[in-house]
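Enquirer: Spelled out from the first residue to the last, the chains are:
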Amino acid sequence: EAGVTQFPSHSVIEKGQTVTLRCDPISGHDNLYWYRRVMGKEIKFLLHFVKESKQDESGMPNNRFLAERTGGTYSTLKVQPAELEDSGVYFCASSHQGTGELFFGEGSRLTVL
Amino acid sequence: DAKTTQPPSMDCAEGRAANLPCNHSTISGNEYVYWYRQIHSQGPQYIIHGLKNNETNEMASLIITEDRKSSTLILPHATLRDTAVYYCIVRVVTGANNLFFGTGTRLTVIP
Numbered sequence: 021e022a023g024v025t026q027f028p029s030h031s032v033i034e035k036g037q038t039v040t041l042r043c044d045p046i047s048g049h050d051n052l053y054w055y056r057r058v059m060g061k062e063i064k065f066l067l068h069f070v071k072e073s074k075q076d077e078s079g080m081p082n083n084r085f086l087a088e089r090t091g092g093t094y095s096t097l098k099v100q101p102a103e104l105e106d107s108g109v110y111f112c113a114s115s116h117q118g119t120g121e122l123f124f125g126e127g128s129r130l131t132v133l
Numbered sequence: 028d029a030k031t032t033q034p035p036s037m038d039c040a041e042g043r044a045a046n047l048p049c050n051h052s053t054i055s056g057n058e059y060v061y062w063y064r065q066i067h068s069q070g071p072q073y074i075i076h077g078l079k080n081n082e083t084n085e086m087a088s089l090i091i092t093e094d095r096k097s098s099t100l101i102l103p104h105a106t107l108r109d110t111a112v113y114y115c116i117v118r119v120v121t122g123a124n125n126l127f128f129g130t131g132t133r134l135t136v137i138p
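Going down the list, the protein sequences come from chains A and B. Mind the numbering: the first sequence is residues 21 to 133 in our numbering, read in order. Mind the numbering: the second sequence is residues 28 to 138 in our numbering, read in order.
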């Protein structure tokens, strides 16, 4: 069974540009999460989808971040325009409904210059 | 979700048991104890969880005190590949499964 896959693994962009990160959850997992770790800080929750609906987006830092999960399958996280402080590793995770075991992807490293 | 306290770092000799403590004195009756780890810069990996009984799986054992205010994750025979940051997280298992990671314990397994 394929795990959670994320693309790209690393993206380097300039301040002001746009980046879109993609996450493919484990097949059949209704729950999809985005987390991020900025340099030297803890892993922080960004948002949670249940199927295509946003269950909790309390961790989204500001309106430059837009997450979508059309059709309840894969998800995208767009950062527009990117700022220097957005640099970090963005993790996606998925889980079955009703369980606390989250399966994480390898992350997408974003570097904003 | 309840706050947890973990030592920032620990060392363990290869082949010996690694015992990682966690305090969660404000845990509620419906909150579970979860352990995850992050090896280098990989994505976090689920290890084990429990409510009040001790649990064991192929990776580790989880010992929860009777009052549930603390727990210990035990890696019975630590290997170099177990070097990682270990996170103790307490949470209610509901429809909202978001996890709150703290600073964790950096475990270094020494040859």
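Simulated from the structure, these hints should not be mistaken for laboratory data. All residues carry an ideal CB built from backbone N, CA and C; glycine is no exception. Hints are not guaranteed to be accurate.
Stated by the list, open to error - Straight-line C-alpha distance at most 27 Å; calculated DSSO-like pairs for lysine-lysine: (1) B:30 with A:64; (2) A:61 with B:30; (3) A:74 with A:98; (4) A:74 with B:96; (5) B:96 with B:30; (6) B:79 with B:96; (7) A:74 with B:79.
To be verified - To spell it out: a stretch of chain A is covered by chain B in this simulated footprint if at least three of its residues, at any positions, have a beta carbon under 8 Å from a beta carbon of chain B; those stretches are: (8) 38-45; (9) 96-108.
Enquirer: Does each hint hold? Answer for all of them.
Expert: Hints versus structure:
Distance restraint check for residue 30 (chain B) and residue 64 (chain A): the Cα-Cα separation of roughly 15 Å lies within the 27 Å cut-off, and the hinted pair is therefore satisfied. For the hint pairing residue 61 (chain A) with residue 30 (chain B), the CA-to-CA distance comes to about 17 Å; that is within 27 Å, so the pair holds. For the given pair, residue 74 (chain A) sits about 15 Å from residue 98 (chain A) by alpha-carbon distance, which is consistent with the 27 Å threshold. For the suggested pair residue 74 (chain A) and residue 96 (chain B), the alpha carbons sit about 33 Å apart, so the restraint of at most 27 Å is broken.
Restraint check for residue 96 (chain B) and residue 30 (chain B): satisfied, since their Cα atoms lie roughly 11 Å apart, inside the 27 Å limit. At most 27 Å may separate the alpha-carbon atoms for a hinted pair to count; residue 79 (chain B) and residue 96 (chain B) meet this at roughly 10 Å. For the hint pairing residue 74 (chain A) with residue 79 (chain B), the CA-to-CA distance comes to about 32 Å; that exceeds 27 Å, so the pair is violated. Counting residues of the segment 38-45 of chain A whose beta carbon lies closer than 8 Å to any beta carbon of chain B gives 0, which falls short of the minimum of three for the stated coverage.
Check result for the segment 96-108 of chain A against chain B: violated, 0 residues qualifying (beta carbon to beta carbon below 8 Å, three or more required).
When the structure is compared with the earlier hints, violations turn up for hints 4, 7, 8 and 9 and for no others.
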